[in-house]
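Enquirer: Sequence:
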Amino acid sequence: MVVRKHPRFPASFSGMVIHRRQSHTISKSLDLSRKGCRVQSAFPAFAGMKVDLQLNLPDLPAPLHIRGAIVRWAGSQGIGIEFPPLPSPYEQQLEGIIRQLESRAEQGASQKNPLVACA
Numbered sequence: 471m472v473v474r475k476h477p478r479f480p481a482s483f484s485g486m487v488i489h490r491r492q493s494h495t496i497s498k499s500l501d502l503s504r505k506g507c508r509v510q511s512a513f514p515a516f517a518g519m520k521v522d523l524q525l526n527l528p529d530l531p532a533p534l535h536i537r538g539a540i541v542r543w544a545g546s547q548g549i550g551i552e553f554p555p556l557p558s559p560y561e562q563q564l565e566g567i568i569r570q571l572e573s574r575a576e577q578g579a580s581q582k583n584p585l586v587a588c589a
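Under this note's numbering, the first residue of the sequence shown carries the number 471, and numbering increases by one thereafter.
Read the hints as simulated data drawn from the structure, not as lab findings.
Computed from a prediction, not measured in an experiment: that's the story for all the values here.
Don't be surprised by glycine CBs; every beta carbon is placed ideally from N, CA and C.
There may be inaccurate statements among the hints.
[Claimed, not checked] Simulated crosslink set (DSBU-like; lysine-lysine; CA at most 35 Å straight-line): (1) K505 / K520; (2) K520 / K475; (3) K520 / K498; (4) K505 / K475; (5) K475 / K498.
[As the list claims (entries may be wrong)] Label-pair ranges, simulated between beta-carbon atoms: (6) A517 / Q577: 29 to 39 Å; (7) S573 / S493: 29 to 39 Å; (8) A575 / Q547: 18 to 28 Å.
Make a model of the complete structure from these sequences and hints.
Expert: The following block contains the structure:
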């Protein structure tokens, strides 16, 4: 079992994976964390490859540009991409999105597993 430093949250966003000045559409976003994402794309990625990302995240006025991200794995389950340290404004924007996703996940969990009060 893989232990993650940062939890992943299901997320829906569009964007581009950019490699050697060629843009490849993200066909489906699968999840997002503070330090990375998992996406599907026709882009022929491989582990260790450096890419740039342009992510159109909900509630952000402009795309989030991430330079120098690293493909950690690629396969039938998508492409796992690790973000490098982000400049402060981008880090703050991403943190805001992650907090929204955390809140939704907590609300969903509490609705699926409501606490039962005993008298």
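Enquirer: For each hint, tell me whether it holds in the structure or not.
Expert: Structure-based check of each hint:
1. K505 / K520: Roughly 15 Å separates the two Cα atoms, so the pair holds.
2. K520 / K475: 21 Å, holds
3. K520 / K498: 20 Å, holds
4. K505 / K475: 9 Å, holds
5. K475 / K498: Distance ~24 Å between K475 and K498 Cα, so the pair holds.
6. A517 / Q577: 29 to 39 Å: 35 Å, holds
7. S573 / S493: 29 to 39 Å: 32 Å, holds
8. A575 / Q547: 18 to 28 Å: 20 Å, holds
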